[in-house]
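Chemist: Start counting the sequence shown at -3; every next residue gets the next number (my numbering).
Because the hints were derived from the structure by calculation, they are not lab data.
Computed from a predicted model, the values in this text were never measured in an experiment.
Ideal Cβ positions, reconstructed from N, Cα and C, are used throughout, including at glycine.
Any given hint could be a false lead.
Unchecked claim - Simulated DEER-style distance windows between Cβ atoms:
hint : residue 1 : residue 2 : range
1    : Ser88     : Gln142    : 20 to 30 Å
2    : Pro84     : Asp146    : 20 to 30 Å
3    : Lys252    : Ser88     : 44 to 54 Å
4    : Asp146    : Gln241    : 39 to 49 Å
5    : Ser71     : Lys252    : 42 to 52 Å
6    : Cys157    : Pro77     : 15 to 25 Å
7    : Lys128    : Gln220    : 17 to 27 Å
8    : Glu107    : Asp212    : 39 to 49 Å
9    : Lys252    : Pro180    : 28 to 38 Å
10   : Thr125    : Asn78     : 25 to 35 Å
11   : Pro180    : Asp251    : 35 to 45 Å
12   : Lys121    : Ser178    : 21 to 31 Å
13   : Pro84     : Glu107    : 20 to 30 Å
14   : Arg66     : Asp213    : 17 to 27 Å
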Amino acid sequence: MAGPSSPRLLSSFLGDRLALSARPLLLRSAAPGSRRVAYQATRTLCNLVDILFNRRSRDDAPENNPRRLRPGKVSPRLSVPNHIQLPPYVNSRQRPGVTNGPEIHDEKGIECMRASGKLAAQVLKFAGTLVKPGITTDEIDKAVHQMIVDNGAYPSPLGYCGYPKSVCTSVNECICHGIPDSRPLEDGDIINIDVTVYLNGYHGDTSATFLCGDVDDEAKKLVQVTKECLDKAISICAPGVEIKQIGRTIQDHADKFKFGVVRHFVGHGVGKVFHAEPVVLHFKVVESWRAEKLKDLKSASIQNQTNLDLSSEEARMLKRALEFNWRMLMEDIDLWIPEEVTHTVHDDKPENEPEEEEIIAGLPLSPQCNAELHTDYDGAAVRWGLTHHKESAADCCQACLDQAKNAKPGELKCNIWVYCPSEFGCYSPDKYEHKHQECWLKQL
-3 MAGPSSPRLL SSFLGDRLAL SARPLLLRSA APGSRRVAYQ ATRTLCNLVD ILFNRRSRDD
57 APENNPRRLR PGKVSPRLSV PNHIQLPPYV NSRQRPGVTN GPEIHDEKGI ECMRASGKLA
117 AQVLKFAGTL VKPGITTDEI DKAVHQMIVD NGAYPSPLGY CGYPKSVCTS VNECICHGIP
177 DSRPLEDGDI INIDVTVYLN GYHGDTSATF LCGDVDDEAK KLVQVTKECL DKAISICAPG
237 VEIKQIGRTI QDHADKFKFG VVRHFVGHGV GKVFHAEPVV LHFKVVESWR AEKLKDLKSA
297 SIQNQTNLDL SSEEARMLKR ALEFNWRMLM EDIDLWIPEE VTHTVHDDKP ENEPEEEEII
357 AGLPLSPQCN AELHTDYDGA AVRWGLTHHK ESAADCCQAC LDQAKNAKPG ELKCNIWVYC
417 PSEFGCYSPD KYEHKHQECW LKQL
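Using the sequences provided together with the hints, build the complete structure.
Modeler: Put into structure tokens, the structure is as follows:
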């Protein structure tokens, strides 16, 4: 779930463009932490298309848009078995607190974060298989809820500041935090499913956008550009990188396609606390305190929101939610496309969890990219190790391919990561995807 930027109030739209205040989630600037780093980046890019609120007068806005999102009926809150550990904010009258600086986790804490993140990813993948015309978001919520509790975890959104459901399902123009209800998904809808689980005292937070049925070409284009913004943002996350570079990277790429960046939501820390420090902006900033280094952070999340051709004046365009419903809506906009995945960086090498089917071996890298390191991939997390050390990247990839072909059942297989020692990153054709100073091969 995304957090609001700085100590601002979330706002709600009710009736005829009436703006009301909702409770704020206060996030302060981050303080330097330990040299030991666990950087978990939860990335959300929200792309808004078609009719822009700031480019239309209220007289031009259609009153009866058949594609306009209309909320349905919200069913009663689901129960959780007694043996499930509850987050501190559940059944509490107090607003959930935030950390005084980034959380610093020990080895046990990092392993717990991996476990919660892995479960969240599995639940999200399952939820995506449910998306089809005719299914209601309430049905998705029930299925997600059941899978989470069956795995001994608690659905983090449930009861958070009064949120009544176990997952966030944001359809079309709903910016984020959409509440599952009785509205059936329609052919051509876009839905973001935001899953957060609380397992062994740690939150795992991830989301993704799913296309329902036949989606138009413009939406598909936005999905592609969104993914590019995502990858470019995560690729620079490493020790020593200024936090402000994250937002700069996102906005620079969005600007190339005349996309604007929504500034009302920010990234946040995650761990024992659902929304923790530090604040991670996904647009360009100049404040000196934003220059704090990723090097000294323990866990954080990037949540990026982008909308089509929106100028800096979008700050005036309040995302208005139905009161108490957490739905952040952009008036008269027909589509948004978020993307959120999990990425973790240590102070030695990054970790990620790419889909196995996206990774292949045997393609030669550019001669300028001298491979020194490959990793093992056990299907849960990337663990760095000197698996292959060859003179060229092509030889390294071939060794990895041979190892994968000859691996016995149950034996770890190479995941085709290549470490490039250049501080500027390696050079390779577009068919390779850059991640800081590492490249992995992805199927075209």
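Chemist: So, for every hint listed, does it hold in this structure?
Modeler: Here is how each hint holds up against the structure:
{"no.": "1", "hint": "Ser88 <-> Gln142: 20 to 30 Å", "verdict": "holds, 25 Å"}
{"no.": "2", "hint": "Pro84 <-> Asp146: 20 to 30 Å", "verdict": "holds, 23 Å"}
{"no.": "3", "hint": "Lys252 <-> Ser88: 44 to 54 Å", "verdict": "holds, 45 Å"}
{"no.": "4", "hint": "Asp146 <-> Gln241: 39 to 49 Å", "verdict": "holds, 41 Å"}
{"no.": "5", "hint": "Ser71 <-> Lys252: 42 to 52 Å", "verdict": "holds, 43 Å"}
{"no.": "6", "hint": "Cys157 <-> Pro77: 15 to 25 Å", "verdict": "holds, 23 Å"}
{"no.": "7", "hint": "Lys128 <-> Gln220: 17 to 27 Å", "verdict": "holds, 22 Å"}
{"no.": "8", "hint": "Glu107 <-> Asp212: 39 to 49 Å", "verdict": "holds, 43 Å"}
{"no.": "9", "hint": "Lys252 <-> Pro180: 28 to 38 Å", "verdict": "holds, 37 Å"}
{"no.": "10", "hint": "Thr125 <-> Asn78: 25 to 35 Å", "verdict": "holds, 30 Å"}
{"no.": "11", "hint": "Pro180 <-> Asp251: 35 to 45 Å", "verdict": "holds, 37 Å"}
{"no.": "12", "hint": "Lys121 <-> Ser178: 21 to 31 Å", "verdict": "holds, 25 Å"}
{"no.": "13", "hint": "Pro84 <-> Glu107: 20 to 30 Å", "verdict": "holds, 21 Å"}
{"no.": "14", "hint": "Arg66 <-> Asp213: 17 to 27 Å", "verdict": "holds, 25 Å"}
Going down the numbered hints, you'll see the structure goes against none, and every one checks out.
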